[in-house]
Amino acid sequence: MTGPQLHESAGFDRSTIEYIQRAAASGLYEIRGLGAKRRVPNFDDLLFLAASLSRYPLEGYRERCATKTLLGTRYATRPIELAIPITVAGMSFGALSARVKEALGRAASEVGTSTTTGDGGMTEEERASSKTLVYQCLPSRYGFNPDDVRRADAIEIVIGQGAKPGGGGMLLGQKVNPRVARMRTLPEGVDQRSASRHPDWTGPDDLVIKIKELREITDWEKPIYVKVGATRVFNDVKLAVHAGADVIVVDGMQGGTAATQTVFIEHVGIPTLAALRQAVDALDDLNMRGTVQLVISGGIRSGADVAKALAMGADAVAIGQGVLVALGCNSETYVAGGEHVSARDDYARLGTAAGFCHHCHTGKCPVGVTTQDAALELRLDPAVGALRLRNYLKTVNMELTTIARACGKQDVHHLEKEDLVALTVEAAAMAGVPLAGTSWIPGR
Amino acid sequence: MANLRPLVIAREFDLARDTLRELNSFLHRRAAVEGVSQIHVKNPDGAHSIACGLNADLDVQIHGHVGYYVAGMNQHASVTVHGNAGPGAAENMMSGRVHVTGFASTAAGASAHGGLLVIDGDASLRCGISLKGADIVVGGGVGSFSAFMAQAGRIVICGDAEDALGDSLYEAVIYVRGKVRSLGADARFEAMTDTDRAAVKSLLAAAGFDHDPAQFQRVASAKSLYHWHADADQEY
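Protein sequences appear in the order of chains A and B.
Residue numbers for the first sequence follow the numbering used here, beginning at 1 and rising by one.
Residue numbers for the second sequence follow the numbering used here, beginning at 1001 and rising by one.
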């Protein structure tokens, strides 16, 4: 006896059926954290052509390979100098606890890189711990004030975010505790909406003037970054250059968020790989490579990803989700009193498990990373978090230099597109590099 | 001795001759150090970002029309524009006073946290957008979407308001004397209390107007947009 043959529909698979039934039952779209879960062409689809007869490699462990990175050299009298081209992406106090922000700053300072504030303003913990701090100017302007503008090391005007280009932010009420509410000038417990447009300017011509205002306020000292979510990247980067940006940050669709509609996360924006190539093309078109620096973000995880991003033309990367994972996001355990404590039951109460969790929006993070809950946030000891993140950033940087040396580069910024090939036709077309084993670049 | 008035040391900048950078650099770094408390700016000719980022008790008198972001992010200073102002006048002001004797363009007082913005004439679209605690008094009317997503603070409108007044308001309160073409999402008229009338009286006096507070209506948030109901069980 055999049972009936079960045949799952491709169009209406179990996950689609679950989505429709959930929508029918609740009348609400799903909101969640982190980034796109669908597979899109990404840096895994590229490979390096290391040195052989036609290239001469550097000794992998001993020969010097520079990683120093300068950002903001176009107009600012005090550009940013980083020891490594790997920065910590903007993540808000509100989405993250003050303890986590402190951990980010401590780790970044130890390895010589920058952190970025995020929506909701600058915390004392972050400013005190982060040697190089980029202060975001967002549409909401929550907590945005001239004292913090003056004590920041750079200003980043956020036009959009890879997880939700064109959409504003949100922070659900359970994370709006008294301190978050005070910093954002909001009542406690409200579901906070961040506007999708800046309040005092409305287009690229206005952006020129806005950037000049910020330069005047800071006496032309601080670099001005402009961050865009990856959509019409070629045009957006050109407009940002024309507007006077020192640094352009492009955030691909794999970029994370603390809370956004799933439909946004999975269906809006373009992959980081495609966005990066368009951004570099735009800078090349304007002959601005090296004058305006490019930071790419959105799903960067490893030294290989960083090396590929630099080879494609980025000056630096920004990492958000990888940083959170390094702190313990989606880990089975958290560290308390030097011991690992299981968080399995807490994941289960959220209806999830370590490795699958995207419940940042609930504020009930089982490992104390994306929470404002007084008890849960204690699960992340800033010292432990800083140590783990320092280790992660060091590892990523070591991987980066290992690849660079293998490609014969004495400086990671010497990695070039010619060092890359693609595994798939799609990645070859998006990245603008040849399909492996061929000289064919689709569309060229 | 007690009757002696503090000495006012004045300095004049002529933007037909001096650069904006020279002016703002002086205001940021040298005015307070040199004891200059009053600065006159001639021939602004619509320049942007005049007197932005001030952080001292200065009296800046601008004689003519200005462009974008006059007195942006102001702290402590008093800035008077004897003319019209472009977009974003006193944007993100923290404290002090900004007075526009003519009209103000879009987004006047946007995201301002504190201080008082007075506009003798009309204010255009999105006046007081994302307001975070400052007070704004407009002698004339305001354009559409004024007080959009305003979080805290008070806006007194002596004239009329165009469409969508107070759309998506949080805790800011609007007092309007004239007609309101339409209210925005979640905004509603509420009864004026003695506290409201006292507030309007005080703000009008501070701005130099003498209307009867009884002529004003109060607009505030109905607070129905405060929650997405993401945790609500709406199954049916």
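Errors might be hidden in some of the hints.
As the list claims (entries may be wrong) - In silico contact screen, one side only, chain A against chain B (beta carbon under 10 Å); selected entries:
#, residue
1, 110
2, 111
3, 112
4, 151
5, 172
6, 199
7, 204
8, 213
9, 215
10, 216
11, 219
These are calculated hints, taken from the structure and not from any lab test.
Beta carbons: idealized from backbone N, C-alpha and C, even for Gly.
Which hints from the list above does the structure break, by number from lowest to highest?
-> Hints 1, 2, 3, 4, 7 are the ones this structure does not satisfy, whereas the remaining hints hold.
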